[in-house]
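Undergrad: Sequential numbering from 1 applies to the sequence shown in my numbering.
Don't read these hints as lab results, they were simulated from the structure. Just so we're clear, the structure is a prediction, and the values are computed from it rather than from any experiment. Be aware that a few hints might be false.
[Said to hold, decoys possible] Cβ pair distances, simulated, as ranges:
no., residue 1, residue 2, range
1, Gly59, Thr39, 20 to 28 Å
2, Thr70, Asp25, 38 to 46 Å
3, Thr89, Asp14, 41 to 49 Å
4, Val22, Ser86, 19 to 27 Å
5, Cys66, Asn27, 28 to 36 Å
6, Asn8, Val56, 22 to 30 Å
7, Gly59, Gln83, 29 to 37 Å
Heads up, the beta-carbon is just placed ideally off N, CA and C, and yes, glycines get one too.
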Amino acid sequence: MVIAKDINNDGIRDGGMMMRTVGNDRNFTACGVVTGNTTNKQEGFATAMGFSCNIVENGIDFQLGCSMRTGTDKKQAIKHLKQSESARTLLSGDSGILSIEQFGSSQRKQ
């Protein structure tokens with residue numbers, strides 16, 4: 001698992017990222033959540049991302065997804081993302097590898 005905190009640039013303030021990968025010789029999955037506030041602190045955002053690649057008989061399956069929500073601040077954006085069924089599905093996958101939680105939380109989707 002990769003966790004990055006205090007991401008700051010021209011457009012993001014107090015940003016953070018959490019990402020986890022799992023895989024073997026036939027499958028690879030990566031899911032992540034990126035959150036932050038805009039530099040003027042007028043709005044927050046939360047983004048869920050997922051990528052999977054599976055080698056199957058006679059081919060390959062490739063999936064890529066992204067779901068983003070905004071709010072008056074980062075906390076509200078995370079709340080809106082948690083309410084998104086597509087984001088929950090994107091992050092849970094077959095492996096249940098990541099849940100949408102505040103950074104520093106030890107809770108994971110089971």
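Undergrad: Tell me the numbers of any earlier hints that the structure contravenes, in ascending order.
TA: 1, 3, 5, 6
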